[in-house]
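Assemble the complex: chain A is given as a structure, and chain B must be docked to it using the hints.
One line per chain: the protein sequences are A and B, in this order. Counting in this note's numbering, the first sequence runs from 2 upward without gaps. Counting in this note's numbering, the second sequence runs from 2 upward without gaps.
Honestly, the hints are just simulated from the structure, not real lab data. As the structure is a prediction and not an experimental result, all values here were calculated from the model. The beta carbon of each residue, even a glycine, is placed where N, CA and C say it ideally should be. Some clues are possibly wrong.
[Stated by the list, open to error] Label-pair ranges, simulated between beta-carbon atoms:
| id | chain 1 | residue 1 | chain 2 | residue 2 | range |
| --- | --- | --- | --- | --- | --- |
| 1 | A | E15 | B | C14 | 34 to 44 Å |
| 2 | A | V106 | B | N88 | 12 to 22 Å |
| 3 | A | E15 | B | D26 | 33 to 43 Å |
| 4 | A | W142 | B | E149 | 38 to 48 Å |
Protein chains: 2
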Amino acid sequence: MPRYAFEDFPVGCEIDCGSRVVDRDEVLSFAAAYDPQPLHLDEQAAQASVLGGLSASGWHTCAMVMRLMCDAYLLDSTSQGSPGIDNLRWLKPVRPGDTLSVRMVVQEARVSQSRPAIGLVRSQWQVRNHHGELVLTMEGWGMFGRREAGNDR
Amino acid sequence: MPRYAFEDFPVGCEIDCGSRVVDRDEVLSFAAAYDPQPLHLDEQAAQASVLGGLSASGWHTCAMVMRLMCDAYLLDSTSQGSPGIDNLRWLKPVRPGDTLSVRMVVQEARVSQSRPAIGLVRSQWQVRNHHGELVLTMEGWGMFGRREAGNDR
Numbered sequence: 002m003p004r005y006a007f008e009d010f011p012v013g014c015e016i017d018c019g020s021r022v023v024d025r026d027e028v029l030s031f032a033a034a035y036d037p038q039p040l041h042l043d044e045q046a047a048q049a050s051v052l053g054g055l056s057a058s059g060w061h062t063c064a065m066v067m068r069l070m071c072d073a074y075l076l077d078s079t080s081q082g083s084p085g086i087d088n089l090r091w092l093k094p095v096r097p098g099d100t101l102s103v104r105m106v107v108q109e110a111r112v113s114q115s116r117p118a119i120g121l122v123r124s125q126w127q128v129r130n131h132h133g134e135l136v137l138t139m140e141g142w143g144m145f146g147r148r149e150a151g152n153d154r
Numbered sequence: 002m003p004r005y006a007f008e009d010f011p012v013g014c015e016i017d018c019g020s021r022v023v024d025r026d027e028v029l030s031f032a033a034a035y036d037p038q039p040l041h042l043d044e045q046a047a048q049a050s051v052l053g054g055l056s057a058s059g060w061h062t063c064a065m066v067m068r069l070m071c072d073a074y075l076l077d078s079t080s081q082g083s084p085g086i087d088n089l090r091w092l093k094p095v096r097p098g099d100t101l102s103v104r105m106v107v108q109e110a111r112v113s114q115s116r117p118a119i120g121l122v123r124s125q126w127q128v129r130n131h132h133g134e135l136v137l138t139m140e141g142w143g144m145f146g147r148r149e150a151g152n153d154r
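Chain A with its partners taken away, still in its complex shape (with noise of 0.2 Å):
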């Protein structure tokens, strides 16, 4: 029976997603295979460029903040996926060596209407890095199955 289930997560529930070191190795690869902009490949260019330093692809830092919730509660939980992304914006640059730390915050929860064994939660994800800053927020809903509608499977 996994941890998490639509109760665990009330209007107002705040989740401390631990957080991540991005790697320099791994800003290249993934700029390489899926946003080959100067800024987030070369050193020099991005110097030059508006972010002034080499910086991840904001992809890639979506992509860091999904393996974060993963590990905090969605692999542990009765999640059945989510529709998708609101307001999803890239605040700061992120740099090689940061340290990105992640806190969910439950904004709203409520039992499917069409679906009664679902309960949807929308949530805001609030990224940071290791100075304090804000560096990326987003919202989204999320599906996840009831406790105590013994779906929780």
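Chain B only, in chain A's frame:
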């Protein structure tokens, strides 16, 4: 001098960003690194899941779309980055072997009031599989140097 500047993205402009086959090994390796939910990693678990079969992480789909955008116009443009994404929707599962194609549609374009050498472009990206089904849509602002401002490097 880059090929694409702000002036090349008028409202209503549509850009075909080409296509890409979803590679099974890449689906598995992306999931192992960033989104190790069984429905992205394990064929049997995926069959039993809400998605009914192995499917790419939603963030992997975003990353593949980014690469198509890069190759279609971004790498040869006056792009100065993006503040974020709105209304990201994962509409259908993306399967290994699917061919994804991406279309960009410009919805709004205006010169920045605070930085007149820059233009702001709001676009929607529509991602379809080889059956013609929409699998992902998202919207976002991009910042591009203006050719007319001589700011195209």
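Next on the checklist: Tell me the hint numbers this structure goes against, listed in increasing order.
Outcome noted: Of the numbered hints, all hold.
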